[in-house]
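J.: What follows is each chain in one-letter form.
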Amino acid sequence: MADVKLTIAGRPYDVHCADGQEAQLIQLASVVDEKVRTMPGGTEVRQLLFAALMLADETQEARSKVEKAEPQSDSLRAAVALAESREAAARDELRDAVAREQAVLRELETVRQAAPAAAASANPSHDRALLQIADRIETLAAKVEQLP
Amino acid sequence: MELDLDESSLAIGRIERALSRIEKALTDRANRTPAAVAAPAADQSTLKAEVAAVIGELDLLIAEAKRG
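Keeping their order, the protein sequence lines are chains A and B.
Each residue of the first sequence is one higher than the one before, counting from 1 in this note's numbering.
Each residue of the second sequence is one higher than the one before, counting from 149 in this note's numbering.
Worth flagging that the hints you see were computed from the coordinates, not collected in a lab.
Careful, some of the hints might be misleading.
Unchecked claim - List of simulated lysine-lysine pairs, DSSO-like, C-alpha gap at most 27 angstroms:
id, chain 1, residue 1, chain 2, residue 2
1, A, K65, A, K35
2, B, K196, A, K143
3, B, K196, B, K172
4, A, K35, A, K5
5, B, K172, A, K143
Stated by the list, open to error - To spell it out: a stretch of chain A is covered by chain B in this simulated footprint if at least three of its residues, at any positions, have a beta carbon under 8 angstroms from a beta carbon of chain B; those stretches are:
id, segment
6, 30-40
7, 125-138
Keep in mind it's a predicted model, so treat the numbers as computed, not measured.
Beta carbons: idealized from backbone N, C-alpha and C, even for Gly.
Work the whole structure out from these sequences, hints included.
T.: So, in structure tokens, the structure goes:
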């Protein structure tokens, strides 16, 4: 336990607290002291009473604000969760599409290797199509890389 | 100018590298904070449609290649 000396409304108080919490306790005491000093005259007890009432009122108001904000933050959390889930679904779809494209490409290579001469000479239009597809996939890659 | 076999191999190589870039970009996006990287739905739909179109064309190309 730690010993702490506090001064509130000009009166010293010796209090104890758990080790490490001294600074927090002193800071809280300064809040009370500041509040007491703003109270109009009267006895010290009365000043402390009004300070306690004011602090209780501030606490209640703060709690009420938090309660009002909670539904909004729930809505925000739900919106973020929905956006995350849509983003994940879209990413999965794109990934599946890429996997499918790679499978198709492997199949194309297999077909081409099975009949290299035919692929080279019989269907030059296939080669042109392949080149166009390469152009388009490179453009797609650039677009995917530029996604925010 | 018509492509010869080496040029078609080059095209396939380009496709493979582009697919790797897409995969890497998707992986990078998955590793980032999801809320911060959400792309507009319209962009994603357009991209998906483009990917689907390219896949369709590759499918057609394979079918034609198989028929010779």
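J.: Of the numbered hints stated earlier in the document, which are not met by this structure?
T.: Checked against the structure, the only hint that fails is number 6, while the rest are satisfied.
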